[in-house]
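Visitor: The listed protein sequences derive, respectively, from chains H and F.
Reminder that position 113 of the first sequence reads as 113 in the UniProt record's numbering, one-by-one numbering, no gaps.
Reminder that position 440 of the second sequence reads as 440 in the UniProt record's numbering, one-by-one numbering, no gaps.
No wet-lab data here; the hints were simulated from the structure.
Treat the hints loosely; a few may be bogus.
To be verified - SDA-like cross-link-like pairs, simulated, lysine to any residue; straight-line CA separation at most 25 Å:
id, chain 1, residue 1, chain 2, residue 2
1, H, K57, F, S220
2, H, K293, H, P365
3, H, K265, F, P538
4, F, K373, H, T4
5, F, K445, F, E255
6, H, K342, H, E363
7, F, K377, H, R10
8, F, K185, H, E66
9, H, K265, F, A113
10, F, K373, H, P16
11, F, K529, H, E66
12, H, K121, F, T540
13, H, K121, H, K168
14, F, K333, H, F7
15, H, K376, H, Q300
16, F, K185, H, K293
Spelled out from the first residue to the last, the chains are:
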Amino acid sequence: MFDTALFEERLKNFTPEPLVPVEATPPSETQTVQEDATTIDLTKVNYLNFLNNDEIKKACEDVIREYGVGTCGPPVFYGTTDLHLKLEQSLSEFLQMGSNTALTYSYGLVAISSSIAAFCKEEDFIFADERANAAIEQGLITSRSTVVRFGHNDPNDLRKKAAKNGNKSKKYLIVEGISWTTGKVCRLPEFLEVAEEFHMRIFLDESHSLGVLGANGRGVIEHYNLDPNRVDMVIATFEGAVGSVGGFATGPDYTTIERLRLSSKGFLFSASLPSFLVKAVLKGIELIGDKPKRFAKLAQSVHEFLQECGFDVVSDPEAPFKLIRCESVDLEGQVHHYCRNKGVYFIHNESGLVLNLNIKLLEEPERLQRVFDVLKEASNVFL
Amino acid sequence: METRMEEGAGDTVTELLNGVDFENNTHQKGISNGYGPYSGTLTNGYTCINKKNGYTRGRRQNGHVLASSDEECTSKTMKGPIKNGYVKAASEEPLPKTRIIKESFEPPTLLTAALTHISFYILMFLGYLSQALFPPKVAKEKNRDGYSPLFDKFSSFYSMYVYRRIRDCWNYPICSVPGNEVVLKDRVTRDNGWTFEFTGSKTKCINLASYNYLGFAEKSGPCAEAAIDSIYKYGVTTGGTRQQYGTCDLHVELEKLTAEFLGVEDAITFGMGFATNALNIPTLLSPGCLVISDEKNHASLILGIRLPGATVKVFKHNDVQHLEEILRENIYKGQPNQPKGAYKPWKKILIVVEGVYSMEGTIVRLPEIIALKKKYKAYLYLDEAHSIGAMGKHGRGIVDYFGCDPKEIDILMGTFTKSFGSAGGYIAGTKELISFLRKNSFASKHAWAMAPPVAAQIIAVLKILMGKDGTNEGQKRIETLARNTRYFRKKIEQMGIIIHGNDDSPVVPILVYLYSKIAAMVRILIQEKIATVGVGYPATPLMEGRIRICLSAAHTKEQLDYALQVIEKVANELGLKYSRKPINSEPIEYDKIKVYED
Numbered sequence: 001m002f003d004t005a006l007f008e009e010r011l012k013n014f015t016p017e018p019l020v021p022v023e024a025t026p027p028s029e030t031q032t033v034q035e036d037a038t039t040i041d042l043t044k045v046n047y048l049n050f051l052n053n054d055e056i057k058k059a060c061e062d063v064i065r066e067y068g069v070g071t072c073g074p075p076v077f078y079g080t081t082d083l084h085l086k087l088e089q090s091l092s093e094f095l096q097m098g099s100n101t102a103l104t105y106s107y108g109l110v111a112i113s114s115s116i117a118a119f120c121k122e123e124d125f126i127f128a129d130e131r132a133n134a135a136i137e138q139g140l141i142t143s144r145s146t147v148v149r150f151g152h153n154d155p156n157d158l159r160k161k162a163a164k165n166g167n168k169s170k171k172y173l174i175v176e177g178i179s180w181t182t183g184k185v186c187r188l189p190e191f192l193e194v195a196e197e198f199h200m201r202i203f204l205d206e207s208h209s210l211g212v213l214g215a216n217g218r219g220v221i222e223h224y225n226l227d228p229n230r231v232d233m234v235i236a237t238f239e240g241a242v243g244s245v246g247g248f249a250t251g252p253d254y255t256t257i258e259r260l261r262l263s264s265k266g267f268l269f270s271a272s273l274p275s276f277l278v279k280a281v282l283k284g285i286e287l288i289g290d291k292p293k294r295f296a297k298l299a300q301s302v303h304e305f306l307q308e309c310g311f312d313v314v315s316d317p318e319a320p321f322k323l324i325r326c327e328s329v330d331l332e333g334q335v336h337h338y339c340r341n342k343g344v345y346f347i348h349n350e351s352g353l354v355l356n357l358n359i360k361l362l363e364e365p366e367r368l369q370r371v372f373d374v375l376k377e378a379s380n381v382f383l
Numbered sequence: 001m002e003t004r005m006e007e008g009a010g011d012t013v014t015e016l017l018n019g020v021d022f023e024n025n026t027h028q029k030g031i032s033n034g035y036g037p038y039s040g041t042l043t044n045g046y047t048c049i050n051k052k053n054g055y056t057r058g059r060r061q062n063g064h065v066l067a068s069s070d071e072e073c074t075s076k077t078m079k080g081p082i083k084n085g086y087v088k089a090a091s092e093e094p095l096p097k098t099r100i101i102k103e104s105f106e107p108p109t110l111l112t113a114a115l116t117h118i119s120f121y122i123l124m125f126l127g128y129l130s131q132a133l134f135p136p137k138v139a140k141e142k143n144r145d146g147y148s149p150l151f152d153k154f155s156s157f158y159s160m161y162v163y164r165r166i167r168d169c170w171n172y173p174i175c176s177v178p179g180n181e182v183v184l185k186d187r188v189t190r191d192n193g194w195t196f197e198f199t200g201s202k203t204k205c206i207n208l209a210s211y212n213y214l215g216f217a218e219k220s221g222p223c224a225e226a227a228i229d230s231i232y233k234y235g236v237t238t239g240g241t242r243q244q245y246g247t248c249d250l251h252v253e254l255e256k257l258t259a260e261f262l263g264v265e266d267a268i269t270f271g272m273g274f275a276t277n278a279l280n281i282p283t284l285l286s287p288g289c290l291v292i293s294d295e296k297n298h299a300s301l302i303l304g305i306r307l308p309g310a311t312v313k314v315f316k317h318n319d320v321q322h323l324e325e326i327l328r329e330n331i332y333k334g335q336p337n338q339p340k341g342a343y344k345p346w347k348k349i350l351i352v353v354e355g356v357y358s359m360e361g362t363i364v365r366l367p368e369i370i371a372l373k374k375k376y377k378a379y380l381y382l383d384e385a386h387s388i389g390a391m392g393k394h395g396r397g398i399v400d401y402f403g404c405d406p407k408e409i410d411i412l413m414g415t416f417t418k419s420f421g422s423a424g425g426y427i428a429g430t431k432e433l434i435s436f437l438r439k440n441s442f443a444s445k446h447a448w449a450m451a452p453p454v455a456a457q458i459i460a461v462l463k464i465l466m467g468k469d470g471t472n473e474g475q476k477r478i479e480t481l482a483r484n485t486r487y488f489r490k491k492i493e494q495m496g497i498i499i500h501g502n503d504d505s506p507v508v509p510i511l512v513y514l515y516s517k518i519a520a521m522v523r524i525l526i527q528e529k530i531a532t533v534g535v536g537y538p539a540t541p542l543m544e545g546r547i548r549i550c551l552s553a554a555h556t557k558e559q560l561d562y563a564l565q566v567i568e569k570v571a572n573e574l575g576l577k578y579s580r581k582p583i584n585s586e587p588i589e590y591d592k593i594k595v596y597e598d
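Looking at chain F on its own, in the form it has when it is part of the complex:
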């Protein structure tokens, strides 16, 4: 049963973004059906309102959508305007360098969606049957007769009869450094997931699961040595909060280096990334403020936004048009619930977005959002947990990737857990902002200062990335990561497997849709000695189960090839080749991929 795909659905969209002044655009309605290749004449930007599947078709200077893949030239003879991901202007006026965004979100066929729904019903039915026939193998709570139960019935049922069947895919213990290979401690379950036993053996697997983008999770080398020295010099912890005698030289040096790395005035660091969001956003907001946050923001951001009692509006994932609509509507209406419907303007408006979204693999449309924020006088909070170090020519994150000015973003936040192989988070911005946070932030007043070895590791990594240690190790790693990303993504697309997200993001979600396929794939991959992460409801939408792969600069080409081979085998076995796009079977050569070269 073939179902026809909607016209244009699932195409890769290639758009140009520009740090443009939206105010000077003249919006015209016009629908064009066929377009020639990009010509040198510049129209002063007209947008075409012909939306299908969430993106516009049309021709505009800013946000130009390419009609065909001829326009994207990667060959040496430059026919089109695009080379290596950048546009060269072919006209008299010099255009600023613009970045191409290539994202794809191919939807599944109707058959797949239907099967996914049915599989859930079957699981629930079997679960209810099991609960009726086989009561739970857990001891009743002692001393608690007559108390109301701690957990509600449905969530108990779900965790005991549905999640329990496949819970061996998660919480796998490891016994080594989480580098490009990781040693798993084998365990078996003899009673369908109620309890686990360790067999005593260990398996070495290729690590496609840990957040180790630049490969700095190492047990030897300059960073580890710096961390060990700091134990003996400053102690395992400093024994106090930042404000009360817990600060040491390492903290001061770390904050200075972070501010220099990001190109802003000052920075403040905390011991945990989650807490950085959850405990600092409330200091900046109060009732009477408006927060507009992306649909797929991380739980720590949502927690921080909900706490202070400000008004929250959500815009569709990465949809700048919807964001603009919400801004216009809310500035027009002012604060809600005013007596007699009077108009009271908001105290402040804050837009909260992430750099790279870890479950989707998408990259935020930063230049457009900066233009919007300037036009509507809002503040911007950018959470670069997954993008700092991993994106950009010099590893300085999304701001570097798009070539924007870091001073235009009001609050830059990020974590040191992913690309720096350490722990903790930071907030960077103007001196006033950071001084305010130093004095008034909850985490600054009550939370323990970052442990010195953790800080020493980050300082060592920052010095390598900035080239201050005298080698170009940092630059090499950044390029290797970009190359691995391109190679891996292109090869997987060639297999016909659906992946989501931007072509440049090192987070690769492979869509498998069915709950059971997540478990099957993770188990088979572990047998073949590859460690991956399966994610399902509630972290992702119910019908979109996925396997999420995190690439790293530490992965060698051989490891990637082996992984691709195994994934292809599993895809054939389990039926994961859902893609209906035409496959470009041009061979991809690892060494010939060009990244970050002008």
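If we strip away everything but chain H, and leave its shape as in the complex, we get:
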């Protein structure tokens, strides 16, 4: 029974919360950095220096003059261009996946979370790293499956948890080639053993390892010389070494990846990646060449230097970005500020201090030396 008088009273007394909570502190200014003779930019994710590559820029210009900027439609409705098809071919060939097919997404985060949500359903079990990145977390929430966490990069903990959980359901394992939050390289051979023992399907996130690890830059699978057919799906963003925007998903089995075309929401209900960004990736893959080998030397030398200075370096020697932690957040802020004043910019976020290396520092030894000098000074002042 609907009591009108009571309703009117409740409506009168109804005071909704404000749409957004009132912020006590005003938002801070967004920071920008412009690289020049005295400023060294380690904030941008530009490991192989593709963002400054003129060949790629010219190729993008040519594509805009032929295809326009946007594709004006989802891939299902005339949004797939022949460039997209070529990219899908070339990605699966580059990663040596026998299926010859891949899916391109227009946003890196959505590539990862949508691909996971397309497979994992409510009754399944997902085994995820406790330090999984934000995009994977989104995918886990969207899929509503039961999530079992194991210790960071620890296959033995995974084995223990797998023995206890999810005996009758479908099981999935999600690992990252190079962890976004700590920079550690995944111990893939051991993970693969555990997964095969417990019949788990493996999704590998190679965003930061594509173009960096492995003799030809094919990622963590090549780094360990494993058979690509042992993994079910490789997902990654183009926002790492390749220097573009968007993401992709590929795998060794043709039917599996083709089914993603029908079930992945981020693919079906969104416009496709603009054509010039597709061309940037195509060109980037062509130009990788032997850069990973040279980059590995840079990564190694910076890692050793930072350890000598006495910093707590969390990331592995092969990682393309270096993650440093100090004893407190304030101390990190002070180091960050000090280096910025001296002209060396890097990122300070909730994981710590992140230095994104750039291969062109190998060709500019004075600038590399300057980075070393500033870091050495900072370590003397603060540590």
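Dock chain F against the given chain H, drawing on the hints supplied.
Guide: The following block gives chain F in isolation, referenced to the frame of chain H:
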């Protein structure tokens, strides 16, 4: 076998909407059977509760339903109160300008509905037979013996034996800019859809499929040049997130221009429209909030609404009365599952609607919903993905179309993919809202900033639309789109084909009902060099397969005439003339259509 249509079914409903104060309406029950033409005397609004087929008949000042088409005068001698889509008051009190909504949803005949059902059963039966006789031509998964299969049996069956037969209608690759004409890369299938081969030839088709409402998908011109310049100035991408050194001047300029264009305080932009909904709605909601969303909302909105754990209620598509009922019921009951049935009021109530619905072609009843939200103290989220740029006298979307105040809508959202020929999405509103999102939104913290060429294209288009480049190119395009829409819709109705949606929406769904007819029509149209989109289950209800046409300001009259000619031919061949409405065979002249003139 003729089946009689229900009285009044399928009529075009013409209603007046007003940004009215619902509180001062006196509701009386009264049923009138015959009404004279609108007279000058104003009754203080009474609603007539006589519903048939989802709309009211009756006479009311606000939401006045016209009794006959005499009342809608489009002739020069103004007999009735309506001219060019607006009502002029004939009384002492000045009425605010009101907008007429003309929508039609003619239902199919019983025979058609029955045939559609039967066709599905036949398809399923044939599919099962094929599966038994011809096992699938796909390799088994390697290294995966003893694993449970990735996909369940029914969806595998559906995709391999039902969808596969007609899957050549979708995912067609193109090799040119998706302007008013598009070049398709021909492909054939020699084994009934299992694999495709490219023949190497290309076909140029009229593009009725891409979302290119204002025709800005161009490969040359000021927008393309601006995009190319920005590659060399700022790079292909900025290499970081918005909060961590990824912002450049273009982003700041874009947000300022967007806020100015929409008439609000501030705006924030993201690189993908889908993600704008899916990643930002969760920041605004929490358990204890109530979300009321339209039945036919887009998948990205549904994803964003489901994630945060708030309570969700769905109201019937565009049915303001049902929305009001849900509001009243839920404010009365408060939050559910309280201990001992205690009453706990909701933390906030959010109404989520879209401007133009892309599958139906309907336009949201914005003034009525704004009035409701004020009365019941709710917040309104308006997703203008398809309407920004395409509707309204100055292209500012549904808010402009109805003449409402943009500051009355709490959260304005839209995408740049459709009318701007680019990519990305935005959210606009008050400064507090945008500052909060800048700091706390998931996309702001973790997603890469919009690529500079994409932002440069949008800035160039916004400047053209606002007239800041010194020409009136923007206004011309907006008018051309409105004219094309009217012309095309009127002509198709004259053919006797059923189309859904509002008379002013540039999205035209042609109903074909049967699954097989979708495929047949798309294939024949491609042969005749017209590219269209066929949509069936699950994007639309099972029995309502349709061909969806998106008009554009870039289409010329000749292209539209050719398309109409071909559609008429196909309609005769396939039997698509389902409409039982009387046909008004007055010839329609393109140049004499009046749009947006007072």
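Visitor: Next, verify each hint and record whether it holds.
Guide: Verification of the supplied hints:
| no. | hint | result |
| --- | --- | --- |
| 1 | H/K57 with F/S220 | 17 Å, holds |
| 2 | H/K293 with H/P365 | 18 Å, holds |
| 3 | H/K265 with F/P538 | 13 Å, holds |
| 4 | F/K373 with H/T4 | 19 Å, holds |
| 5 | F/K445 with F/E255 | 17 Å, holds |
| 6 | H/K342 with H/E363 | 21 Å, holds |
| 7 | F/K377 with H/R10 | 12 Å, holds |
| 8 | F/K185 with H/E66 | 15 Å, holds |
| 9 | H/K265 with F/A113 | 30 Å, violated |
| 10 | F/K373 with H/P16 | 12 Å, holds |
| 11 | F/K529 with H/E66 | 21 Å, holds |
| 12 | H/K121 with F/T540 | 23 Å, holds |
| 13 | H/K121 with H/K168 | 14 Å, holds |
| 14 | F/K333 with H/F7 | 9 Å, holds |
| 15 | H/K376 with H/Q300 | 17 Å, holds |
| 16 | F/K185 with H/K293 | 39 Å, violated |
Checked against the numbered hints above, the structure violates hints 9, 16; every other hint is satisfied.
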